[in-house]
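This is what each chain is made of:
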Amino acid sequence: GQQLNQSPQSMFIQEGEDVSMNCTSSSIFNTWLWYKQDPGEGPVLLIALYKAGELTSNGRLTAQFGITRKDSFLNISASIPSDVGIYFCAGRDSGGSNYKLTFGKGTLLTVNP
Amino acid sequence: NAGVMQNPRHLVRRRGQEARLRCSPMKGHSHVYWYRQLPEEGLKFMVYLQKENIIDESGMPKERFSAEFPKEGPSILRIQQVVRGDSAAYFCASSPIDSYEQYFGPGTRLTVT
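Chains as they are written, first to last, in the numbering used here: chain Z, 1 to 113; chain P, 1001 to 1113.
It cannot be assumed that every hint is accurate.
30 Å max Cα-Cα, derived BS3-like pairs, lysine-lysine [what the hints assert, rightly or not]:
1. Z:70 to P:1044
2. P:1071 to P:1027
3. Z:105 to Z:51
4. P:1044 to P:1071
5. Z:105 to Z:70
6. P:1027 to P:1044
7. P:1071 to P:1051
8. P:1027 to Z:51
9. P:1044 to P:1062
10. Z:70 to Z:51
11. Z:51 to P:1062
12. P:1062 to P:1051
13. Z:105 to P:1044
14. P:1071 to Z:105
Here are the in silico distance ranges between beta carbons for each label pair [as the list claims (entries may be wrong)]:
15. Z:14 to P:1070: 25 to 31 Å
16. P:1071 to Z:84: 38 to 44 Å
17. Z:44 to P:1071: 28 to 34 Å
18. Z:78 to P:1071: 47 to 53 Å
In short, the hints are calculated from the structure, not lab data. These numbers were taken from a predicted model, which means no experiment stands behind them. Built from N, CA and C at the ideal position, the CB exists for glycine as well.
Generate the whole structure from the sequences, applying the supplied hints.
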């Protein structure tokens, strides 16, 4: 099946620092989505990307759809304590079931105030 | 506008019992997806349904698991004769027609004792 490698697994940063995380896939994806999950809650959609090379922002978050269509990046600028949580990438592949999302294993972000 | 609703939030079952998980999609959404999440893992696709139709159940275990999305009422994920390995968080997501953006509910945490 599809594989998504998400890195890093965890990050410990100081408040105010910028953060970068990425996902790579074993095959071409048509859509990349980034989610944030707080403990005991469901994932919340942050950004959706639909075209190779696309760069989309949502406040302090910026995500990019890689040119090869096999990777995506999420950047968080000027982190704040409420950014703490697990960030997941998810992709929709180019064949087969068009609606099924494959998820990475997540990046656990800790922000020290 | 209410989000995706799931109940119960927590469910404890003894081995051999049945578990019924319910999901009401966001208003206006006609597509429902179920995912399972194990500790420190990403979400794994189970099934995709539209009203009265199972579109893709490629992620569902062949035995004991079933899902439905009737014309009226919530979507139901049913697990018969639960075993300890079924303990996990089960998330439901919904999307409108012709959108790949999936919005998640808060999840049901199933514990099998």
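Verification of the hints:
Only pairs whose Cα atoms come within 30 Å are accepted, and residue 70 of chain Z paired with residue 1044 of chain P is accepted, the gap being roughly 19 Å. Taken as a hint, the residue 1071 of chain P and residue 1027 of chain P pair is honoured in the structure, with Cα atoms around 14 Å apart against an allowance of 30 Å. Simply put, residue 105 of chain Z and residue 51 of chain Z have alpha-carbon atoms about 23 Å apart, close enough for the 30 Å limit, and the pair holds. Pair hint residue 1044 of chain P plus residue 1071 of chain P holds up; C-alpha atoms about 26 Å apart against a cutoff of 30 Å.
Distance restraint check for residue 105 of chain Z and residue 70 of chain Z: the Cα-Cα separation of roughly 16 Å lies within the 30 Å cut-off, and the hinted pair is therefore satisfied. Straight-line distance between C-alpha atoms of residue 1027 of chain P and residue 1044 of chain P comes to about 24 Å, which keeps the hinted pair within the 30 Å bound. With a CA separation close to 6 Å, the supplied pair residue 1071 of chain P and residue 1051 of chain P stays within the 30 Å bound. Taken as a hint, the residue 1027 of chain P and residue 51 of chain Z pair is honoured in the structure, with Cα atoms around 28 Å apart against an allowance of 30 Å.
Taking the CA atoms of residue 1044 of chain P and residue 1062 of chain P, the gap is near 15 Å; set against the 30 Å cutoff, the hint holds. At roughly 12 Å between alpha-carbon atoms, residue 70 of chain Z and residue 51 of chain Z fall within 30 Å of each other, so this suggested pair holds. Taken as a hint, the residue 51 of chain Z and residue 1062 of chain P pair is broken in the structure, with Cα atoms around 36 Å apart against an allowance of 30 Å. Our distance criterion of 30 Å between C-alpha atoms is met by residue 1062 of chain P and residue 1051 of chain P, whose separation comes to about 22 Å.
Pair hint residue 105 of chain Z plus residue 1044 of chain P holds up; C-alpha atoms about 10 Å apart against a cutoff of 30 Å. Proximity of residue 1071 of chain P to residue 105 of chain Z is assessed by CA-CA distance (about 34 Å); at most 30 Å being required, the pair is judged violated. In this structure the hint that residue 14 of chain Z and residue 1070 of chain P lie 25 to 31 Å apart at CB is violated, the actual value being about 51 Å. The supplied range of 38 to 44 Å is met by residue 1071 of chain P and residue 84 of chain Z, whose beta-carbon atoms lie about 42 Å from each other.
Taking 28 to 34 Å as the suggested C-beta distance range, the pair residue 44 of chain Z and residue 1071 of chain P conforms, at roughly 29 Å. Separation of residue 78 of chain Z from residue 1071 of chain P is about 48 Å and conforms to the stated range, judged on CB atoms against 47 to 53 Å.
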